[in-house]
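Asks: Those protein sequences? They're chains A and B, same order as listed.
Here my numbering is used: position 363 in the first sequence is 393, and no number is missing along the way.
Here my numbering is used: position 85 in the second sequence is 96, and no number is missing along the way.
Worth flagging that the hints you see were computed from the coordinates, not collected in a lab.
Please note that a few of the clues may not be correct.
Stated by the list, open to error - Stretch by stretch, here's where chain A covers chain B in the computed footprint (C-beta under 8 angstroms, at least three residues): (1) 60–73; (2) 94–105; (3) 161–172.
To be verified - Okay, derived cross-link-like pairs now, SDA-like style, lysine to any residue, Cα gap no bigger than 20 angstroms in a straight line: (4) B:35 x B:62; (5) A:67 x B:140; (6) A:249 x B:77; (7) A:485 x B:143; (8) A:249 x B:106; (9) A:362 x A:480; (10) A:229 x A:83; (11) A:249 x B:94.
Please read these numbers as outputs of a predicted model, since none were measured by experiment.
Glycine included, C-beta positions come from ideal geometry on N, C-alpha and C.
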Amino acid sequence: MAAPDILPPKGVRPPIIGPGQTFGTITDRIAGIVLTKHTPIFWVAIVAIALALFGMLQTAVGYLLVKGVGIWGITIPIGWGFAIVNFVWWIGIGHAGTLISAILLLFKQTWRTSINRFAEAMTIFAVMQAGLFPLIHTGRPWLAAYWLFPIPLTMGVWPQFRSPLIWDVFAVSTYFTASFLFWGIGLIPDFATLRDSAKTLVVRRIYGMLAMGWRGSAKHWNRYETAYMLLAGLCTPLVLSVHSVVSLDFAVSVVPGWHTTFFPPYFVAGAIYSGFAMVLMLAIPFRYLYGMQDFITLRHLQNCGKLMLATGQIVAYSYGMEMFIGWYSQDKYELAMVNNRLHGPYSHYYYMLILCNILIPQSLWLNKVRSTPWILFLVSVVVNTGMWLERFVIVVMSLQRDFVPSSWGMYWYTKWDMMIFVGTMGFFTLLFFIFIRLMPAISIFEMRNLIPQSKVNE
Amino acid sequence: MTAAPIYGLMAEFETPTELVEAAKGAYAAGYRKMDAYTPYPLEEAAEAIGAHHNRVPLVVLVGAMLGMIGGYSLEYWVSVVAYPINVGGKPFHSWPAFIPVTFECAVLGACLAAVFGMLALNGLPQPYHPVFNSPNFVRASRDRFFLCIESQDPRFSPSDTRKLLESYKPEEITEVPY
C-alpha cells in the first residue's frame, strides 16, 4: 500500500503523479493489478454482493417479462415513472467519462490521464444500465427492435423521425458505440503491454489477440494519435448532444414543467455534475483499495471537486430559472407547476433535491473538503442522490398534475421498481469490478507520458 | 547474401532522446525503410523517420460524409416515400426535425472510420511480425526505445548499417530474423 495522502503546503498544488516513478514502475504497478493470480479478498466480497444484486435484477426483469409493466407503479397520468427516471440518471452519469476522455484531452489537461480509462469504462457500463430501462419499459423488448430502429419488415411500418424519442435511440446508440470505440482504441497499446509482461502462455495469448499485434511502431503511433484526437473532437459535440436530445424528450412536449427551452444545457450540466460524483465514488475506493495514491493523487480529487462545484452552480441556476420562468410567464399552468413543486404532495422530494444538489455541495468551496477523500466521497453520494431526485421531480411531478384536475394522479412505486433500480447498481458494480480485474484500469501508455524521462531533450 | 535473410538490424536505446538522435542520423544518411518502436506515442520519433503525415483524417471525413448522407437519406425515404404520415400538418419532408439523427449518424460514421481506418492503415490485426523475434523486444511496450533499419532498404548492408547504428551508442544491436 502506498503512503497516505499528504497535503502540500498552502499555495502548492499536489502533483499529478507521485515522485520517483519510472517507465518500469508505472507498468508494473498498473499491470500488477491484472497480471496476478492473487485476487484480493475485498474484490471477492464486492463482486459477491454485486452478483446477488444482479440476480435480483434478473429475477425482477424476468417477472416483468412474464407479467408485463403492470407490476410497476406506473399508471395514467404517470406513465414514465422509475424507468425513465433511472434511464436519465444513468445516462447522465456516463457523461463525465466522455468529458474526461475527450474534452479535457482537447484542452490538454494532463491530469485526466490517471482517471480517463476507468471513467470511460464507467460511461460504457452506465449507458448499458440506462439502455435497459427504455427497453423493458416498452414491456415487450422483443418487439422494441422494430419500434425503435428502422428495420425493413413486411408490415412496412417505420419509425417516426419527427419524434425526439427516435432521436434519442440514435443519440444513445451512437454514444454507446463511440464511447466503446474510444475506450477500445485506448486499450490496444495497454493490451500489448500486458501481452509482453504476461507470465503464462494462456494469458499471453489472450492479451496478444486483444492487442492485435500492436508493436509500438512510430508510424502506427502517428496514425493512432491522429485517430485518437479526431475521436476526441467527435465525442465532444456528441456528448453535448446526447443529454440535449434526452432533454428534448421532455421539452418538445407541452407538459408544464417540461416545455422549456433551457432544458438541453440544464440537462447537460446536470449530467456532468452527477458523472463527476460517480467518478469520485469509484476513484476514491479504487485508489484506497489498490494503493494507487501515487497515480490518482489529491490533485485529481480536488479537480473533480472543482468541476462538480462549477457544474453544480449551473444546475442551481437552472433550478432558479425554472421557478423564475414559471412565475414570469404568469401562465396559470406554469404557476400551478411552481406551486405544486413548493407545496404539492411531492414537495418533500423537491426540498430534498435543493438540499442535496445546491446546499450541501457548497461545502466544495472549502479546500479542506476537496482534499479529504472520505468527505468528498460523502458529498458525491449526496450529489448523486440529489440528481436522482431531480429526475424524479422532473418526470413524476410534472406528469402528476397537468391541465385538467380530473386527470391528476399520484405515483407509488412498487417493490419491483425498486428491485430493478437497485439491481442495475449491482450490475454496474459487477461490470466495473470485472473490468478492474481483467484490464488495466489506468492507461499505462498515457501515464508514461507524464514522467519527465518521457521528454526528448534537444 | 550468404546467411539466412534477415528483416533488419535493431538497435535498443534507453532514452527517447538517444532514439530520436539515431533516427535523425539514419534518415540523414539516406535510410528510408526503417521504423522506431516506443512504449508511448513519441511525436519526435515519427518526424525523425519522416512519417508525420497520414491519411486518417481523410478516412474520417469520408466516414462522416457517408454517415451524414446515409442518415438523412434514410429519414427522407422513410418519412416521404415509404411511410408518409401527416403529423400536425407538418410537411413530410420536415428537414429541421431530421437534423439530430443526421448529426448522430455523421458522428457514428466518423468514429467507425477513425478506429477501423486507423487499424486498416496500420495493417492490424497482424498476428505475426518479424520484430517480435528480437529477444529484448518485449521491452518496447515497457521502457525501451528501438530503431529498426530494414534490410529492404536499398542502402542496407549488414556491416555499414551496423557501424552507423553503433555510432549512436545503443544498448544493444541485434539482427532480426524473418
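Asks: None of the hints should be skipped; say for each whether it holds.
Replies: How the hints compare with the structure:
1. 60–73: holds (count 7)
2. 94–105: holds (count 5)
3. 161–172: Contact hint for the segment 161–172 of chain B vs chain A: violated, 0 residues under 8 angstroms.
4. B:35 x B:62: 12 angstroms, holds
5. A:67 x B:140: Not satisfied, since the Cα-Cα distance of roughly 30 angstroms exceeds 20 angstroms.
6. A:249 x B:77: 27 angstroms, violated
7. A:485 x B:143: Violated - the C-alpha atoms of residue 143 of chain B and residue 485 of chain A are around 26 angstroms apart, more than 20 angstroms.
8. A:249 x B:106: Not OK: residue 249 of chain A and residue 106 of chain B at ~43 angstroms, beyond 20 angstroms, violated.
9. A:362 x A:480: 58 angstroms, violated
10. A:229 x A:83: Distance of about 34 angstroms is beyond 20 angstroms: violated.
11. A:249 x B:94: Status violated; Cα separation ~49 angstroms.
Against the hints set out earlier in the document, violations occur for numbers 3, 5, 6, 7, 8, 9, 10 and 11.
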